Every structure is written in structure tokens, then in C-alpha cells.
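Please put together the full structure from these sequences, using the hints given.
Chains as they are written, first to last, in the numbering used here: chain L, 7 to 362; chain V, 7 to 362.
Hints were generated in silico from the structure; no laboratory data involved.
Certain hints may be false.
Treat identical chains as interchangeable: a pair holds within one or across any two.
[What the hints assert, rightly or not] Pairs of lysine-lysine residues, derived as DSSO-like cross-links and limited to a Cα-Cα distance of at most 27 Å, are as follows: (1) LYS229 with LYS281; (2) LYS68 with LYS15; (3) LYS51 with LYS333; (4) LYS297 with LYS250; (5) LYS67 with LYS220; (6) LYS145 with LYS234; (7) LYS234 with LYS253; (8) LYS338 with LYS303; (9) LYS15 with LYS220; (10) LYS261 with LYS67; (11) LYS15 with LYS103; (12) LYS303 with LYS229; (13) LYS51 with LYS68; (14) LYS45 with LYS15; (15) LYS229 with LYS197; (16) LYS335 with LYS259; (17) LYS261 with LYS229; (18) LYS145 with LYS51; (19) LYS338 with LYS15; (20) LYS48 with LYS68.
Since we're looking at a predicted model, the values are computed, not measured.
2 protein chains.
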Amino acid sequence: MIEKKIKIKDIASLAGVSAGTIDRVLHNRGNVSLETQDKVRKILKEINYSPNLYASALASKKVLSILAVIPQYKPGDYWEKIEVGIRQGALELSNFKVNIRILYFDQYAVDSFCEIMEEAIASKPDGLLLAPSINSITKKYTQKMDSADIKYIFIDSQIEDANPLAYFGQHSFQSGYLGAKLLFAQNIEIKEMAIFSFYHEGQETNNQISLRMKGFLSYRENKNIRGKIHRASFLEDDKERNEKIMKTLFLEKTKLGAAVIFTSRAYIVAEFLEKHNIKGIALIGYDMLEKNIACLKRGTISHLIAQRPEEQSYKAIKALSDFLLFKKKANKINYVPIDILMQENIDFYNSMFCCG
Amino acid sequence: MIEKKIKIKDIASLAGVSAGTIDRVLHNRGNVSLETQDKVRKILKEINYSPNLYASALASKKVLSILAVIPQYKPGDYWEKIEVGIRQGALELSNFKVNIRILYFDQYAVDSFCEIMEEAIASKPDGLLLAPSINSITKKYTQKMDSADIKYIFIDSQIEDANPLAYFGQHSFQSGYLGAKLLFAQNIEIKEMAIFSFYHEGQETNNQISLRMKGFLSYRENKNIRGKIHRASFLEDDKERNEKIMKTLFLEKTKLGAAVIFTSRAYIVAEFLEKHNIKGIALIGYDMLEKNIACLKRGTISHLIAQRPEEQSYKAIKALSDFLLFKKKANKINYVPIDILMQENIDFYNSMFCCG
Numbered sequence: 007m008i009e010k011k012i013k014i015k016d017i018a019s020l021a022g023v024s025a026g027t028i029d030r031v032l033h034n035r036g037n038v039s040l041e042t043q044d045k046v047r048k049i050l051k052e053i054n055y056s057p058n059l060y061a062s063a064l065a066s067k068k069v070l071s072i073l074a075v076i077p078q079y080k081p082g083d084y085w086e087k088i089e090v091g092i093r094q095g096a097l098e099l100s101n102f103k104v105n106i107r108i109l110y111f112d113q114y115a116v117d118s119f120c121e122i123m124e125e126a127i128a129s130k131p132d133g134l135l136l137a138p139s140i141n142s143i144t145k146k147y148t149q150k151m152d153s154a155d156i157k158y159i160f161i162d163s164q165i166e167d168a169n170p171l172a173y174f175g176q177h178s179f180q181s182g183y184l185g186a187k188l189l190f191a192q193n194i195e196i197k198e199m200a201i202f203s204f205y206h207e208g209q210e211t212n213n214q215i216s217l218r219m220k221g222f223l224s225y226r227e228n229k230n231i232r233g234k235i236h237r238a239s240f241l242e243d244d245k246e247r248n249e250k251i252m253k254t255l256f257l258e259k260t261k262l263g264a265a266v267i268f269t270s271r272a273y274i275v276a277e278f279l280e281k282h283n284i285k286g287i288a289l290i291g292y293d294m295l296e297k298n299i300a301c302l303k304r305g306t307i308s309h310l311i312a313q314r315p316e317e318q319s320y321k322a323i324k325a326l327s328d329f330l331l332f333k334k335k336a337n338k339i340n341y342v343p344i345d346i347l348m349q350e351n352i353d354f355y356n357s358m359f360c361c362g
Numbered sequence: 007m008i009e010k011k012i013k014i015k016d017i018a019s020l021a022g023v024s025a026g027t028i029d030r031v032l033h034n035r036g037n038v039s040l041e042t043q044d045k046v047r048k049i050l051k052e053i054n055y056s057p058n059l060y061a062s063a064l065a066s067k068k069v070l071s072i073l074a075v076i077p078q079y080k081p082g083d084y085w086e087k088i089e090v091g092i093r094q095g096a097l098e099l100s101n102f103k104v105n106i107r108i109l110y111f112d113q114y115a116v117d118s119f120c121e122i123m124e125e126a127i128a129s130k131p132d133g134l135l136l137a138p139s140i141n142s143i144t145k146k147y148t149q150k151m152d153s154a155d156i157k158y159i160f161i162d163s164q165i166e167d168a169n170p171l172a173y174f175g176q177h178s179f180q181s182g183y184l185g186a187k188l189l190f191a192q193n194i195e196i197k198e199m200a201i202f203s204f205y206h207e208g209q210e211t212n213n214q215i216s217l218r219m220k221g222f223l224s225y226r227e228n229k230n231i232r233g234k235i236h237r238a239s240f241l242e243d244d245k246e247r248n249e250k251i252m253k254t255l256f257l258e259k260t261k262l263g264a265a266v267i268f269t270s271r272a273y274i275v276a277e278f279l280e281k282h283n284i285k286g287i288a289l290i291g292y293d294m295l296e297k298n299i300a301c302l303k304r305g306t307i308s309h310l311i312a313q314r315p316e317e318q319s320y321k322a323i324k325a326l327s328d329f330l331l332f333k334k335k336a337n338k339i340n341y342v343p344i345d346i347l348m349q350e351n352i353d354f355y356n357s358m359f360c361c362g
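What follows is the structure in C-alpha cells.
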């Protein structure tokens with residue numbers, strides 16, 4: 007039942023030589039006949055033996071420096087869970103000489119992203135875990151990292167024309183496509199609907215959000231779904247303006263049957279509907295924020311689509327350190343599951359890893 | 007960033023005494039002043055120090071015996087994944103002296119279950135991981151285990167009036183309730199539907215299946231959903247009979263708009279529909295069998311509800327060994343997530359743990 011690790015002495019017994027001989031062959035130290043060397047190497051190959059990189063890494067004196075560059079956040083935000091995953095990864099690396107530090111940028115201010123990336127690259131880390139900003143800006147820094155031989159991994163979303171070691175995140179297009187399916191397969195008639203974005207004045211939309219939007223619209227087109235779409239953009243920290251937008255949409259345009267929000271802030275719309283006692287709007291949101299979950303449980307949000315943030319960043323930290331410590335390469339593209347949460351299964355959901 | 011384990015010498019430095027003194031206090035060996043003892047104990051309490059049970063367990067000479075009693079299965083069956091979880095748990099225990107053995111019973115034959123349980127109990131294991139059979143029969147053996155002080159944990163389903171250390175599995179009622187929601191919230195009209203069971207002649211229904219059924223019917227009642235329900239029972243290994251049942255239901259009663267199967271064999275109905283080119287039946291199934299997944303991808307099954315079998319048995323083995331090795335108690339009831347899979351998210355699903 008229990009698998010056993012192969013030890014040097016097991017190989018020695020297979021080859022009919024001493025453990026010392028195996029050790030000499032493994033480390034290319036002389037005093038072993040060519041015939042014996044061949045025999046030992048053949049056995050090593052057959053049993054797929056690899057020397058203990060783990061032990062070598064433990065004994066290494068070099069301190070690896072890993073930086074994580076992610077948006078700053080408020081308690082309960084999506085990014086808090088990304089940080090949980092980073093810290094979990096760091097904890098499991100505590101036996102190695104790895105120094106992990108998190109730098110935060112304002113996701114609604116390109117200047118802030120640039121400043122933090124300049125600082126990060128200037129500190130010459132061995133590896134960098136990056137939640138990308140908009141394509142054009144991020145690309146400038148991935149090029150700098152390529153030149154400086156800084157290895158980087160994307161989480162949350164990826165940008166084109168970059169050379170990351172790997173990506174860990176959701177298939178954003180597909181999560182938008184699924185959002186549309188969940189909305190339009192419901193037993194309701196939707197004549198008009200609203201799509202909410204979230205941005206800071208003058209900023210392009212985040213890559214993930216625009217891919218979700220594309221996926222959503224693509225489903226609508228594939229299924230020949232008609233009906234007017236109202237697009238509205240919230241401003242971070244401008245409650246009054248956001249409220250006004252929702253009043254226009256929900257109180258003046260009474261044909262609205264559904265709404266979708268591609269960021270993690272579906273609760274803003276849900277709480278508005280609750281406050282004004284507006285019923286019968288099918289509302290789809292993303293991410294397991296506490297406020298979103300509360301609205302899902304009260305029935306104002308019909309579905310939440312989740313993307314395992316802790317798993318993304320945990321796996322990214324592990325992949326980055328596995329490469330830097332052991333030269334072990336991760337798969338390039340690593341999509342996390344697209345989880346569907348409803349009133350009926352939310353109480354049993356657990357996005358965290360089961361072990362450890 | 008990286009948390010550090012507290013060592014004896016750290017405590018010694020906090021208390022301003024030698025490491026030897028700390029050791030003497032920890033093991034209640036004399037030659038330490040009461041004042042110093044108090045000081046050390048206070049610090050130990052403050053930092054929430056627990057002696058290294060892990061090291062003691064590693065050094066122990068006793069070999070623990072754990073048995074897992076689960077249904078025998080064919081490749082690709084649900085129970086194969088339960089075994090994967092058991093083996094994963096066993097692998098991680100390979101540093102300890104734990105002997106884990108799996109015994110299989112025929113889930114459609116009560117005699118077989120009894121025979122295996124007699125054998126299991128007679129071998130006097132320290133712990134037993136059990137996938138229960140029907141209530142009345144299982145109870146007979148849990149009572150025997152209680153008397154013999156054999157610790158046991160339920161997976162997959164639980165029975166009433168037993169004293170397991172813990173249960174790891176789905177909330178079966180809720181997974182049936184969700185099945186109904188997924189079916190009836192679809193944008194289709196369902197006048198008549200079929201519910202399929204699976205049994206061996208003369209056997210009561212498995213506990214999990216009957217709870218799913220209750221949950222399903224409860225949703226229907228809560229939402230005042232009407233329409234005729236046809237109930238049909240398949241026989242394991244009687245293809246001809248099963249085929250005949252489906253012919254009657256789907257080819258002669260053409261009003262059927264939906265079907266649900268509470269066991270893992272939804273693919274049997276789906277493949278029948280495909281073979282006879284019957285369209286427009288909403289079909290809900292359970293569990294990630296390869297054949298089910300194929301039908302989901304082809305669109306003949308609309309939703310699959312999954313219950314993370316590997317996680318159930320992996321966590322159960324860990325909980326059982328944690329108790330037997332370290333006296334660490336698990337939570338009594340541990341529900342796994344109820345995962346919803348559709349054509350749009352199946353490609354990204356991964357029921358396995360992310361680490362290890």
C-alpha cells in the first residue's frame with residue numbers, strides 16, 4: 007500500500023555493489039570500473055532516479071529573493087485572498103532561504119503600477135509574481151525583466167507578448183461565457199439588461215474584465231439572444247455617482263430584467279436593489295467577497311462565479327520557487343476551476359486547499 | 007513574511023534560563039525552582055507551545071492498523087476516486103508506522119457487506135474508514151466497533167445513531183435540493199419527468215440516494231412545482247431490462263421533459279437518449295465519471311453535481327491517523343463542497359487537492 011522511496015543502498019543492492027560505489031558514480035568521482043559505471047547508470051535510468059535536489063537546496067547558502075506585485079486592497083477584497091495564498095506558499099518555503107516580499111500598487115492608477123514596478127526591478131529580485139495591469143504598460147516592464155533575467159509568473163490575468171514562466175488564473179473569456187449561460191438559461195424573460203464596469207477616470211479596462219465581457223457577448227451572439235444592453239461604468243469611491251447611475255437604470259428604465267458585473271463588486275448593485283426593494287432582476291456576479299456571499303444568500307445575486315484566488319497565488323509561488331530552487335518547470339498555462347455558487351451550495355464551498 | 011517555528015532555545019531566551027531548564031520543566035523532571043517553573047509555564051502558555059507530538063509519533067514502535075471498507079468497483083467508477091484519496095493519505099503517512107489496508111464489499115449485496123465487516127472487526131484494527139451500507143445493517147457493526155474500542159470514520163454517507171469520530175462527505179439532502187433547482191430553474195417547460203434509481207433485487211436504497219431524493223422532492227414542494235413523476239429502477243448488470251424501462255419511458259411516454267439519476271450512472275440514460283436521437287430532455291446527474299463527463303460535453307447531460315471523492319477519503323484517512331497518532335480530534339461533520347459542472351466549466355474542473 008505505502009510507496010517506498012528508493013535509497014542509495016537499494017540501488018547498490020540492485021547493482022550488486024557497495025553504496026560508496028553508487029555515490030562515486032552519481033558524483034563522477036573516479037575509482038569505479040567503466041563496466042560497473044555502465045551497470046549502475048543503467049539501473050539509475052531504469053528506476054528513473056534523480057539526485058536529491060531538495061537536500062542540495064536546503065544546504066545552499068544563497069538567499070533567493072521573490073517579490074509579489076499585487077493591487078492594494080481593503081479588508082474583504084478579492085486581493086486579500088491572493089495574499090493569503092502567497093503567505094501560505096511562503097510558509098511552506100520556510101525551510102529554504104527564500105525571502106518573499108509583497109509590493110502593492112493602486113490598480114486604478116497606472117502611475118502607481120509603474121512606480122512599484124520600477125522599484126521592484128531595481129531591487130533585482132530572482133523572481134517576481136505579478137498581477138498585470140493593462141497590456142501596454144505591463145509589457146514595458148516584462149521586457150525589462152526579460153533583459154535583466156528576472157523570472158516572472160502572472161496571476162489573475164495575463165498579457166500578450168510576454169514571456170512568463172507560467173500563468174495561474176481563470177480562463178477569463180470562458181468565465182464571461184459561463185456568466186451569460188447562467189443568466190440566459192434561467193426561467194425568465196430578459197428584454198433589457200445592464201452591464202456594469204468599474205474604473206477610475208481615464209483608465210483603460212483591465213484585461214480580465216474585457217475578456218469576461220467578450221465571453222459574455224459571444225454567448226449572447228452564439229445563441230442569437232436579443233434585447234438591449236445598457237452599459238454603465240462605476241467610479242471607485244464615488245458612491246453618489248454610482249447611486250445616480252443605478253437610479254437611472256433601475257428606477258427609470260423599468261424594463262431591466264437582468265444585470266451582470268464583471269468585477270468583484272456585484273454587491274453594490276445587489277444592495278441598491280435591496281434598498282429600493284426592486285425584485286425580479288437576475289443578477290450575476292464574480293468572486294467570493296463577503297458582501298457578495300451575503301447577497302447570494304439573501305437571493306439578490308442569483309449566481310456568483312469564483313476563481314480560487316488563494317490557489318492561484320499559492321501555486322504561483324510554489325512554481326516560481328520550484329524553478330528558482332530546483333530548475334523544475336511548471337506548465338505555462340494553468341487555469342483554475344471556474345466555480346459556480348448559488349444559494350443552494352454556497353454554505354459548503356471552500357476555495358482553500360484541503361491539505362497542509 | 008515567513009513564520010518561524012519556536013524552538014526550545016527561543017523559549018529559553020525568552021525566560022532567561024538554559025534550554026536544559028526548559029526541557030526539565032516540559033518533562034516534569036526536578037531540580038528547577040518553583041519560581042522558574044512558573045515563569046517557564048507562563049511563557050509556554052503565552053506562546054501556545056505544544057511538545058512535538060510529531061517527533062514522538064515518529065519514534066514510536068507501535069504499528070497502527072487502519073482498515074478502509076469500501077464497495078468494490080470497476081475502473082472509472084466513483085469509488086476508484088475514493089481509493090485514490092485513501093492511497094494519497096497513506097503515502098503522506100509513510101514516515102509513520104501505519105499499516106493501511108482496503109477491504110471491498112459488493113454494495114448491492116448485504117451479505118457481502120456483513121462478511122467483510124466481520125472480517126474487519128475480527129482483525130482488531132485501531133481505526134476503520136467506512137463507506138456505510140444501509141442503516142440497519144451498518145448499525146450492527148458500529149455497535150460492535152464501539153464495544154471493541156475501534157475508532158471509525160464515515161465517508162460518502164452517514165448513518166443515524168452511530169458514534170463515528172467524524173464524517174466526510176456531501177450534504178446529500180442539499181445536493182438533491184440543488185439538483186431540483188438546476189433542473190426547474192432552466193428555461194424549459196417540464197410537464198412530466200423521470201427519476202431513476204439503481205438497485206439490486208430486494209435491496210433497500212442506499213442512504214445517500216434516498217436523502218438526495220428527499221432533497222429533490224422538497225425543492226419541488228417548496229416551489230409548488232407540479233407535473234407527473236415517473237419512477238424507474240435499474241438493475242445493476244441487467245442491460246436488457248434497463249433498456250426496456252427507458253424505451254417505455256422515453257419512446258412511449260413522449261411528454262417526458264426531464265430526468266434525474268441520483269446515483270453516478272446518469273450516462274446510461276444519456277447514452278440511451280443519444281442512441282435514439284431523443285432531444286430536448288433536461289438531464290441532471292451526479293459524479294465525475296468519465297462517461298458522465300463525455301455526455302456533459304456532448305450536451306446530453308445538462309448538469310453534473312460532484313462531491314470531491316478524493317478529498318473525502320484523503321481527509322478521512324488524515325483525521326483518523328491524526329487521532330490515533332496525536333489524539334487530535336477532527337470536527338464531527340465535514341461536508342465537502344457541492345460542485346456544479348456544466349459544458350462551460352467542465353474543462354477547468356479539478357477535484358483533486360492542489361498541493362502535494
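Hints and how they fare:
1. In this assembly of identical chains, LYS229 and LYS281 lie within 27 Å of each other by CA distance solely across copies; the values are 25 Å between and 34 Å within a copy.
2. Taking the closest pair of Cα atoms, LYS68 and LYS15 come within 27 Å of each other only across two copies (25 Å); inside a single copy the shortest separation is 30 Å, beyond that limit.
3. For the identical chains of this complex, LYS51 and LYS333 are intra-copy neighbours only, at 20 Å inside a copy versus 42 Å across copies, given an alpha-carbon limit of 27 Å.
4. In this assembly of identical chains, LYS297 and LYS250 lie within 27 Å of each other by CA distance solely inside one copy; the values are 21 Å within and 51 Å between copies.
5. In this homomeric assembly, LYS67 and LYS220 never come within 27 Å of each other (Cα to Cα): the closest approach is 49 Å inside a single copy and 62 Å across copies.
6. Neither within a single protomer nor between protomers do LYS145 and LYS234 lie at most 27 Å apart by alpha-carbon distance, with minima of 36 Å and 60 Å respectively.
7. When the C-alpha separation of LYS234 and LYS253 is checked against a cutoff of 27 Å, the pair qualifies only within one copy, where the shortest distance is 18 Å, while the shortest distance between copies is 44 Å.
8. For the homomeric pair LYS338 and LYS303, the shortest alpha-carbon distance between copies (25 Å) is at most 27 Å, but the shortest distance inside one copy (37 Å) is not.
9. In this assembly of identical chains, the alpha carbons of LYS15 and LYS220 never lie at most 27 Å apart, being 59 Å within a copy and 59 Å across copies at closest.
10. In this assembly of identical chains, the alpha carbons of LYS261 and LYS67 never lie at most 27 Å apart, being 67 Å within a copy and 74 Å across copies at closest.
11. For the homomeric pair LYS15 and LYS103, the shortest alpha-carbon distance between copies (21 Å) is at most 27 Å, but the shortest distance inside one copy (30 Å) is not.
12. In this homomeric assembly, LYS303 and LYS229 come within 27 Å of each other (Cα to Cα) only across copies, at 17 Å, whereas the closest approach inside a single copy is 30 Å.
13. Taking CA atoms no more than 27 Å apart as the test, LYS51 paired with LYS68 passes in neither setting, with 30 Å inside one copy and 36 Å between copies.
14. For the identical chains of this complex, LYS45 and LYS15 are intra-copy neighbours only, at 15 Å inside a copy versus 48 Å across copies, given an alpha-carbon limit of 27 Å.
15. Both within a single protomer and between protomers do LYS229 and LYS197 lie at most 27 Å apart by alpha-carbon distance, with minima of 15 Å and 25 Å respectively.
16. For the homomeric pair LYS335 and LYS259, neither the shortest alpha-carbon distance inside one copy (53 Å) nor that between copies (57 Å) is at most 27 Å.
17. In this assembly of identical chains, the alpha carbons of LYS261 and LYS229 lie at most 27 Å apart whether taken from the same copy (21 Å) or from different copies (25 Å).
18. In the homo-oligomer, the alpha carbons of LYS145 and LYS51 never lie at most 27 Å apart, since the shortest distance is 42 Å inside one protomer and 52 Å across protomers.
19. Taking the shortest Cα distances, LYS338 and LYS15 never come within 27 Å of each other, neither inside one copy (37 Å) nor across copies (44 Å).
20. For the identical chains of this complex, LYS48 and LYS68 are neighbours neither inside a copy (34 Å) nor across copies (38 Å), given an alpha-carbon limit of 27 Å.
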